[in-house]
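A.B. asks: Sequence:
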Amino acid sequence: MLRVARCVVSPTLALRLHHRVYRPLHLRSLTSSSSTSHWLQTSASSRTDYANVTSSVPHSRTFSVATATKDETAAPQSVTWPPDLAKRVHRRMRNFPRNYEVKALVVEAGLNAAEWTLAASTFRKSFLSSPSQYFEDQAELLAFGRANRYLPTDEDDANALSLQQLTDLRLPHEMYPFATAMKRKIVYHEGPTNSGKTYEALERLKQAGEDGGIYCGPLRLLALEIYERMNSDGLYTSLVTGQEKKIMPHSTHVSCTVEMANINRPWDVAVIDEIQLIGDPQRGWAWTRALFGLQAKEIHVCGSGEAVHLVKKFAETSGDEFELRSYERRSPLEISSTHLNNYSEIRPGDCVVAFSRRDIFQIKRDIEIKTGEKCCIIYGQLPPETRSQQARLFNERDNDYNILVASDAIGMGLNLNIKRIVFATVKKWSGNSGGMIDIPPSLAKQIAGRAGRYGSDYASGVATCLLKEDLEYLKESYDEVPTPLTSAGLFPSSDQMEEFAKQLPGIGDLADLVDKYVMLARLDGDYFMCNHQDMKNAATLLRDAELSLSDRFTFCMAPVSLRNPLARKVFLEYARAHSLGQSVKLDIYLPKYPPRTAEALGDVEIKAKIIDLYLWLSFRFSDTFAENDLALELKARVLELVEQGLVNTTYNRDEIKTRWSPGAANAPRRGQFDRSRFQKQKNGSRDNQRKNWRNDKLEGRERESTAFGQIADANSDNGTTVLSVQGSSDDADDVKKSWFARIFGS
Numbered sequence: 001m002l003r004v005a006r007c008v009v010s011p012t013l014a015l016r017l018h019h020r021v022y023r024p025l026h027l028r029s030l031t032s033s034s035s036t037s038h039w040l041q042t043s044a045s046s047r048t049d050y051a052n053v054t055s056s057v058p059h060s061r062t063f064s065v066a067t068a069t070k071d072e073t074a075a076p077q078s079v080t081w082p083p084d085l086a087k088r089v090h091r092r093m094r095n096f097p098r099n100y101e102v103k104a105l106v107v108e109a110g111l112n113a114a115e116w117t118l119a120a121s122t123f124r125k126s127f128l129s130s131p132s133q134y135f136e137d138q139a140e141l142l143a144f145g146r147a148n149r150y151l152p153t154d155e156d157d158a159n160a161l162s163l164q165q166l167t168d169l170r171l172p173h174e175m176y177p178f179a180t181a182m183k184r185k186i187v188y189h190e191g192p193t194n195s196g197k198t199y200e201a202l203e204r205l206k207q208a209g210e211d212g213g214i215y216c217g218p219l220r221l222l223a224l225e226i227y228e229r230m231n232s233d234g235l236y237t238s239l240v241t242g243q244e245k246k247i248m249p250h251s252t253h254v255s256c257t258v259e260m261a262n263i264n265r266p267w268d269v270a271v272i273d274e275i276q277l278i279g280d281p282q283r284g285w286a287w288t289r290a291l292f293g294l295q296a297k298e299i300h301v302c303g304s305g306e307a308v309h310l311v312k313k314f315a316e317t318s319g320d321e322f323e324l325r326s327y328e329r330r331s332p333l334e335i336s337s338t339h340l341n342n343y344s345e346i347r348p349g350d351c352v353v354a355f356s357r358r359d360i361f362q363i364k365r366d367i368e369i370k371t372g373e374k375c376c377i378i379y380g381q382l383p384p385e386t387r388s389q390q391a392r393l394f395n396e397r398d399n400d401y402n403i404l405v406a407s408d409a410i411g412m413g414l415n416l417n418i419k420r421i422v423f424a425t426v427k428k429w430s431g432n433s434g435g436m437i438d439i440p441p442s443l444a445k446q447i448a449g450r451a452g453r454y455g456s457d458y459a460s461g462v463a464t465c466l467l468k469e470d471l472e473y474l475k476e477s478y479d480e481v482p483t484p485l486t487s488a489g490l491f492p493s494s495d496q497m498e499e500f501a502k503q504l505p506g507i508g509d510l511a512d513l514v515d516k517y518v519m520l521a522r523l524d525g526d527y528f529m530c531n532h533q534d535m536k537n538a539a540t541l542l543r544d545a546e547l548s549l550s551d552r553f554t555f556c557m558a559p560v561s562l563r564n565p566l567a568r569k570v571f572l573e574y575a576r577a578h579s580l581g582q583s584v585k586l587d588i589y590l591p592k593y594p595p596r597t598a599e600a601l602g603d604v605e606i607k608a609k610i611i612d613l614y615l616w617l618s619f620r621f622s623d624t625f626a627e628n629d630l631a632l633e634l635k636a637r638v639l640e641l642v643e644q645g646l647v648n649t650t651y652n653r654d655e656i657k658t659r660w661s662p663g664a665a666n667a668p669r670r671g672q673f674d675r676s677r678f679q680k681q682k683n684g685s686r687d688n689q690r691k692n693w694r695n696d697k698l699e700g701r702e703r704e705s706t707a708f709g710q711i712a713d714a715n716s717d718n719g720t721t722v723l724s725v726q727g728s729s730d731d732a733d734d735v736k737k738s739w740f741a742r743i744f745g746s
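UniProt numbering puts the sequence shown at residues 1 to 746.
No wet-lab data here; the hints were simulated from the structure.
Note that CB positions come from ideal geometry on N, CA and C, so glycine has one too.
A couple of the hints might just be wrong.
Claimed, not checked - Once the Cα atoms are required to be at most 27 Å apart in a straight line, the calculated BS3-like pairs of lysine-lysine come out as:
#1 Lys427 x Lys475
#2 Lys125 x Lys103
#3 Lys585 x Lys569
#4 Lys609 x Lys592
#5 Lys475 x Lys569
#6 Lys468 x Lys419
#7 Lys183 x Lys370
#8 Lys374 x Lys313
#9 Lys569 x Lys609
#10 Lys87 x Lys125
#11 Lys185 x Lys312
#12 Lys370 x Lys419
#13 Lys246 x Lys183
#14 Lys428 x Lys313
#15 Lys569 x Lys374
#16 Lys246 x Lys206
#17 Lys585 x Lys635
#18 Lys468 x Lys427
#19 Lys313 x Lys245
#20 Lys297 x Lys185
#21 Lys206 x Lys183
#22 Lys297 x Lys374
#23 Lys206 x Lys185
#24 Lys374 x Lys183
#25 Lys475 x Lys428
#26 Lys536 x Lys609
#27 Lys585 x Lys246
Unchecked claim - Ranges of calculated distance between the beta carbons of each label pair, as one might list FRET restraints:
#28 Ile437 x Lys245: 37 to 47 Å
#29 Glu373 x Gln496: 49 to 59 Å
#30 Tyr478 x Leu590: 51 to 61 Å
#31 Glu203 x Arg543: 48 to 58 Å
Make the full structure from the sequences, and use the hints.
C.D. replies: Below you can see the structure in the form of structure tokens.
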């Protein structure tokens, strides 16, 4: 006779079987003397009833039921719970009495709460402590565990193994088998700013063989500069960035941003610039991917000394040859012993560095007022093309723009004729810590090194500060030995996330998938997971858009600032239109006239970024983002507006001195209400202010009528209002403007 429990695969099923079979046999007596295990035993005649029950039990998993009878006198085999299975079963049995289906069966059986509590507790203890009462051998117990998902099935084992492989990032070079199979040579060009390290690497790039060469830079500006330089030297070179592609016929070389590096074809020579950014918290993964994935016979990496040890270690891990070439600065650089007192001491050839857009415009205004010199400005929010234009304007000596006000955007990517670097401050806002922090010593050294570039108009460079307390920090930063990098950034690709999602079909949201991937990722001390908060924010915004996982991942990698309301709105509209398969229109309004204030210029800069976003998406979804030509036209127009807006924000000292002087062109005219006088009246009551305001209006009208003569009636001729004015010509112009304003309301 078989024990019924041998066929039972869930506690719910056991209880229901008990109710169907044993209830007529004095069910209530189970709670008194006999063991609860007895009510799970029955004769072979009950198997028919069991078969009927199993077909009606919801949420139960069954396995094949043996029909043969076995000798009950045979010696029982040792049956024990494996530790992992015991924990899962114990956790499940703890919730068993509270199951709503079980409670319904308890009510049906007529048990009260006390009887059920005692019966459930007795059964749980017996089931966990003496599994041999319910299973004939260990194989049957394991089959029970697998059938109820207490133990992983073969399919679960395969999924778990696949998840382990996908999230095992301890040896990332193994993800690039074609590059690993090559015998590569990695040459590290180490040196400070203005040491010629990149020049030497580019000279080797020009000598690349039939497989050609590739340059991978950190900025679009650098990629564009190398593209123009290589073509001017007679080497057919294509340009590939996120927002722009210029494919030259028969090109042998490619200049690209590091994220766009092609790792799917062989190269003769590759150059990876600013390799120390492999430790960047946001973009470090792109340098790691290029270093491990480029199929190049020679890889020349350029940068400061922080990453030498790390790159050498990676070369040894992947079996590549490593060579170090060190360079010294070509022109001397001096840290001044004195600070500047104010901006009146700024001279032509100086570059003043600040770290916020607002400060840059304020400093520009102060310098132009105090020195009479015009300033160029460069900061990160400007389009790269405008930054390049401002750099050319500053470098040329046949104009009046002799001073540069810039952010840390000049740290790389621009060749500038700078005599002296002046730090307006050495502190910048940190979004993470929520306060002002000192800039990293490496950044201070890199910016200071832009002074006195080799081959420029100045044979040496100087760096100083506006404030005395900042000068000490600058000296310490310049003398500080750089701290070696200890880890490189990693981040999963779109293909990896798709494979990961297949193993977790229950998670459909990309933000949750990324969190799960980061949680399961296995890393050692040589790598870290790059910051993915921006991607999560974008994924949360696009949660309701019906996008495939691949498209959603691509959208979340797009260059968009979600902090700006307009950019956020347009980004969401683009994603929704693409999800519906609609043609996405580049519907953006550009002002007719160039901006005249820094605030209006900022609005145009945001629209330039939206056009860049459209171009970026058009290279990835050409079917829906089809207005590429229109985007390029609008991009040219918006660049004109930005460049002219920078000119409009230039202050002329002579004009500023006479701005509100008596008789100035922009001084209040006769008969015009002097609002500044009204606003400055802080003494006296509000009634007196209103009285003065009425007097101003009355006096103005009286002066206007007596001083300028009489004004003829306004006659309408073909819809045009004509004014006839008697009096002097100068006064007549003023009167015309005044009466036009009264007639047309403007």
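A.B. asks: Next pair to validate is Lys468 with Lys427; report whether the Cα-Cα distance is within 27 Å.
C.D. replies: Satisfied, since the Cα-Cα distance of roughly 14 Å is no more than 27 Å.
A.B. asks: When you check the alpha-carbon spacing of Lys246 and Lys183, does it fall within 27 Å?
C.D. replies: violated (31 Å)
A.B. asks: With a cut-off of 27 Å on the C-alpha distance, tell me whether Lys246 and Lys206 pass.
C.D. replies: holds (19 Å)
A.B. asks: Given the proposed pairing of Lys468 with Lys419, does the C-alpha separation stay at or below 27 Å?
C.D. replies: holds (20 Å)
A.B. asks: Given the hint that Lys585 pairs with Lys246, test it: the Cα-Cα distance must not exceed 27 Å.
C.D. replies: Holds - the C-alpha atoms of Lys246 and Lys585 are around 23 Å apart, at most 27 Å.
A.B. asks: Kindly confirm whether 37 to 47 Å is satisfied by the beta carbon distance between Ile437 and Lys245.
C.D. replies: holds (38 Å)
A.B. asks: Does the structure keep Lys609 and Lys592 at a Cα separation of 27 Å or less?
C.D. replies: holds (18 Å)
A.B. asks: Using the C-beta atoms of Glu203 and Arg543, is the stated range 48 to 58 Å upheld?
C.D. replies: Holds, at about 50 Å.
A.B. asks: For a C-alpha distance cap of 27 Å, please report whether Lys374 and Lys313 respect it.
C.D. replies: Violated - the C-alpha atoms of Lys313 and Lys374 are around 50 Å apart, more than 27 Å.
A.B. asks: Is the straight-line distance between the alpha-carbon of Lys185 and that of Lys312 27 Å or less?
C.D. replies: holds (11 Å)
A.B. asks: Given the hint that Lys475 pairs with Lys428, does the C-alpha gap stay at or below 27 Å?
C.D. replies: Roughly 18 Å between the alpha carbons, so the hint for Lys475 and Lys428 holds.
A.B. asks: Check the hint pairing Lys569 with Lys609 against an upper bound of 27 Å on the C-alpha distance.
C.D. replies: This hinted pair holds, its Cα atoms lying about 13 Å apart.
Hint check: violations occur at hints 5, 7, 8, 13, 14, 15, 19, 22, 24 and 30; the rest are consistent with the structure.
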